[in-house]
Amino acid sequence: GENVEQHPSTLSVQEGDSAVIKCTYSDSASNYFPWYKQELGKGPQLIIDIRSNVGEKKDQRIAVTLNKTAKHFSLHITETQPEDSAVYFCAASMGGNEKLTFGTGTRLTIIP
Amino acid sequence: DVKVTQSSRYLVKRTGEKVFLECVQDMDHENMFWYRQDPGLGLRLIYFSYDVKMKEKGDIPEGYSVSREKKERFSLILESASTNQTSMYLCASSSWDSSSYNEQFFGPGTRLTVL
Numbered sequence: 049g050e051n052v053e054q055h056p057s058t059l060s061v062q063e064g065d066s067a068v069i070k071c072t073y074s075d076s077a078s079n080y081f082p083w084y085k086q087e088l089g090k091g092p093q094l095i096i097d098i099r100s101n102v103g104e105k106k107d108q109r110i111a112v113t114l115n116k117t118a119k120h121f122s123l124h125i126t127e128t129q130p131e132d133s134a135v136y137f138c139a140a141s142m143g144g145n146e147k148l149t150f151g152t153g154t155r156l157t158i159i160p
Numbered sequence: 025d026v027k028v029t030q031s032s033r034y035l036v037k038r039t040g041e042k043v044f045l046e047c048v049q050d051m052d053h054e055n056m057f058w059y060r061q062d063p064g065l066g067l068r069l070i071y072f073s074y075d076v077k078m079k080e081k082g083d084i085p086e087g088y089s090v091s092r093e094k095k096e097r098f099s100l101i102l103e104s105a106s107t108n109q110t111s112m113y114l115c116a117s118s119s120w121d122s123s124s125y126n127e128q129f130f131g132p133g134t135r136l137t138v139l
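Protein chains in written order, with our numbering: chain A, 49 to 160; chain B, 25 to 139.
Keep in mind that the hints were calculated from the coordinates and are not lab data.
This structure is a prediction, so every number in the text was calculated from the model and none was measured.
It is possible that part of the hints are untrue.
As the list claims (entries may be wrong) - Computed list of lysine-lysine pairs in DSS-like fashion (alpha-carbon distance at most 30 Å, straight line):
#1 A:K85 / B:K81
#2 B:K95 / B:K37
#3 B:K95 / A:K147
#4 A:K85 / B:K95
#5 A:K116 / B:K81
#6 B:K37 / B:K79
#7 A:K70 / B:K81
#8 B:K94 / A:K147
#9 B:K81 / A:K119
#10 A:K90 / B:K81
#11 A:K147 / B:K79
#12 A:K147 / B:K27
#13 B:K95 / A:K90
#14 A:K106 / B:K27
#15 B:K77 / A:K90
#16 B:K77 / A:K147
#17 B:K42 / A:K147
#18 B:K42 / A:K90
#19 A:K116 / B:K27
Build out the structure end to end from the sequences listed, making use of the hints.
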């Protein structure tokens with residue numbers, strides 16, 4: 049089955065700086081890669097996703113890049129703000145109705 | 025707004041007890057999922073269901089069972105709770121569309137402690 053590795057497990061960034069979280073996946077058939085953000089006391093929530101026919105996608109301060117050859121994808125957060133502090137999970141699936149396989153999570157802390 | 029609710033935020037049970045975790049979604053979603061979340065292990069899929077009375081094993085089904093008698097409700101059952109089932113349990117739902125990429129909507133989680 050699919051295996052998703054995520055690094056780093058913790059990340060501290062000065063407010064206003066950028067943060068990057070990286071994931072690798074094992075199954076070349078995976079073609080959908082969402083990112084979820086989990087705030088304290090809440091369930092994860094989708095913040096951005098990318099499909100295999102796209103190399104990069106942006107939504108305001110967040111962006112995701114995908115390298116299918118190397119089987120890795122990354123989340124980039126620019127101009128970080130205190131409300132970006134959360135746990136972030138990457139995931140992979142074969143799309144459609146297929147299940148998601150999640151990474152182990154990254155706890156991001158923004159230092160004021 | 026999509027809403028996924030879980031019956032309890034915190035639950036404390038004794039070893040050997042039968043435990044029921046309930047999840048209800050109000051968006052008429054076909055798919056429902058149960059995950060457990062542990063530090064350093066991320067979210068691991070226990071069971072999922074694509075339709076009423078249907079269930080599929082996820083990656084870690086041992087020690088758990090599920091029930092889906094109504095479309096909006098998905099229950100996770102620990103037949104005989106053990107200390108290694110102490111964890112955060114998350115329920116999620118999504119719509120069924122084999123041609124699309126379906127966002128999963130999560131509940132707030134139930135933190136279960138087994139003593």
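Any hints this thing doesn't respect? Which numbers, in order? The structure conflicts with hint 19 only, although it agrees with all the remaining ones.
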